[in-house]
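S.K.: I would like the entire structure built from these sequences, with the hints used as guidance.
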Amino acid sequence: MFRSLRAKLLGWVLLPLASAVAVDAWTTYGNALDTASVVQDRLLLGSARSIAEQISFEDGSFQNQIPPAALELFQSSQPDRIYYRVTTGAGHLLSGYTGLARPSVALQAESPYFFNSSMREAPVRVVALLQPVIGDPNARPVMVEVAQTMHGHQQLAHSLWMHAVRQQLLILALAAVFILFGLNRGLRPLLQLRNTVSARVPGTLQPIESKGMPAELAPLVDSINDYIRRLEEHAGAQSIFIQNAAHQLRTPFALLNTQLSYAMRATDDQGRVESLKAARRTLQQAVRLVNQLLTLSAAEALASNSEADPVTPNNLAVVVQEVFENLAAQAQTKDIDSGI
3 MFRSLRAKLL
13 GWVLLPLASA
23 VAVDAWTTYG
33 NALDTASVVQ
43 DRLLLGSARS
53 IAEQISFEDG
63 SFQNQIPPAA
73 LELFQSSQPD
83 RIYYRVTTGA
93 GHLLSGYTGL
103 ARPSVALQAE
113 SPYFFNSSMR
123 EAPVRVVALL
133 QPVIGDPNAR
143 PVMVEVAQTM
153 HGHQQLAHSL
163 WMHAVRQQLL
173 ILALAAVFIL
183 FGLNRGLRPL
193 LQLRNTVSAR
203 VPGTLQPIES
213 KGMPAELAPL
223 VDSINDYIRR
233 LEEHAGAQSI
243 FIQNAAHQLR
253 TPFALLNTQL
263 SYAMRATDDQ
273 GRVESLKAAR
283 RTLQQAVRLV
293 NQLLTLSAAE
303 ALASNSEADP
313 VTPNNLAVVV
323 QEVFENLAAQ
333 AQTKDIDSGI
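Numbering (my numbering), first residue to last: 3 to 342.
FYI, nobody ran anything at the bench for these hints, they're computed from the structure. Ideal Cβ positions, reconstructed from N, Cα and C, are used throughout, including at glycine. A few of these clues could be false.
Computed Cβ-Cβ distance ranges for the label pairs, DEER-style [what the hints assert, rightly or not]:
no., residue 1, residue 2, range
1, R274, L296, 53 to 59 Å
2, R267, R231, 52 to 58 Å
3, R168, G93, 47 to 53 Å
4, A175, P125, 36 to 42 Å
5, V41, Q194, 53 to 59 Å
6, A22, A201, 38 to 44 Å
7, M266, V203, 46 to 52 Å
8, N259, D224, 48 to 54 Å
9, A239, M266, 27 to 33 Å
10, P18, Q110, 46 to 52 Å
11, F183, A27, 38 to 44 Å
12, L296, L233, 21 to 27 Å
13, R231, A27, 27 to 33 Å
14, R168, P125, 46 to 52 Å
M.R.: If you want it as structure tokens, here you go:
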């Protein structure tokens, strides 16, 4: 089966592009996860600061009121759960959920710390913030923790990744279209060369015009023209050989025809026998001439093959055998025993 050069070139061009898109899609997924984590961390920190700003110290105790805006920051289409906890520096719970994990490192004042944990068997992202309380004579800080489940994070990362992948696939499709267009334009001279060769009249041995051909097609055109030149030389040699053979055979066969006609008209036996003997000698000469012409043709063919492929050695035994086969008829007429 013939394979399409256009499809092969397109495949070799698109294969590295598709590989690059695959690698970029893999790295893009990591970037999407990082972006989703940054967005989630900012929302968690904003919620923790909103809660911390509402904590005060009045009448000898901490007072805190969770503002609705602190939790409304997380409103989305995903069923995420929000958890929070407010504790004193000594670990006493002021409000929130008791099961929320505590940070594993010592916190610095007003420096948020983000970590991953679990809450009610679900993975959560947690921010812990140590916030001084205005009005506390002892300057005791409180720790605010806010946690969110990972559904929204995963959905955001997946959405960002799919958006990037769709863009990359669109770019790959556009690249395939432009590459195919370029291949069609680039292969047009080759198709024109095919049409030129197909449209040639049978027997035409004129060389193909190479003017305006791309440099990549020049060796092909030169090879075709060289083949046409050798074919023309061979055809010319065959034509000359046929003309010479016709000229050489015309006289013996004309003489043979005359001798046979005379033998048919002869009235005496002696004249008929002499005419037939002469006709036999003429026929033997014609046979010898035909064998010589065949030998000459075989020699010219061998010489032509040797010139076309000078580095290819000839089997001398085969050549000698062919010559003896061509001369066998002449040797037999002269009672010569020949062999190899």
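S.K.: Against this structure, judge whether each hint is valid.
M.R.: Against the structure, the hints come out as follows:
The given range of 53 to 59 Å is broken by R274 and L296, whose C-beta atoms sit roughly 32 Å from each other. Take R267 and R231: their Cβ atoms lie about 54 Å apart, and the range 52 to 58 Å holds. Checked against the hint of 47 to 53 Å, the C-beta distance between R168 and G93 comes to roughly 50 Å, which is consistent with it. About 37 Å separates the C-beta atoms of A175 and P125, a value consistent with the hinted range of 36 to 42 Å.
Restraint check, V41 to Q194: a C-beta distance of roughly 58 Å satisfies the suggested window 53 to 59 Å. A22 and A201 have their C-beta atoms about 43 Å apart, which keeps the hinted 38 to 44 Å range intact. Evaluation of the 46 to 52 Å hint for M266 and V203 yields a pass: the beta carbon distance comes to about 48 Å. Checked against the given bound of 48 to 54 Å, the beta carbons of N259 and D224, roughly 51 Å apart, stay inside it.
Distance hint for A239 and M266: a CB-CB separation of about 40 Å, inconsistent with the stated range 27 to 33 Å. Our hint of 46 to 52 Å for P18 and Q110 holds, since their Cβ atoms are close to 50 Å apart. The supplied range of 38 to 44 Å is broken by F183 and A27, whose beta-carbon atoms lie about 25 Å from each other. Checked against the hint of 21 to 27 Å, the pair L296 and L233 passes, with Cβ atoms roughly 22 Å apart.
Between R231 and A27 the beta carbon distance is about 56 Å. The supplied range of 27 to 33 Å is therefore violated. Separation of R168 from P125 is about 28 Å and departs from the stated range, judged on CB atoms against 46 to 52 Å.
Comparing the model with each numbered hint stated earlier shows that hints 1, 9, 11, 13, 14 do not hold.
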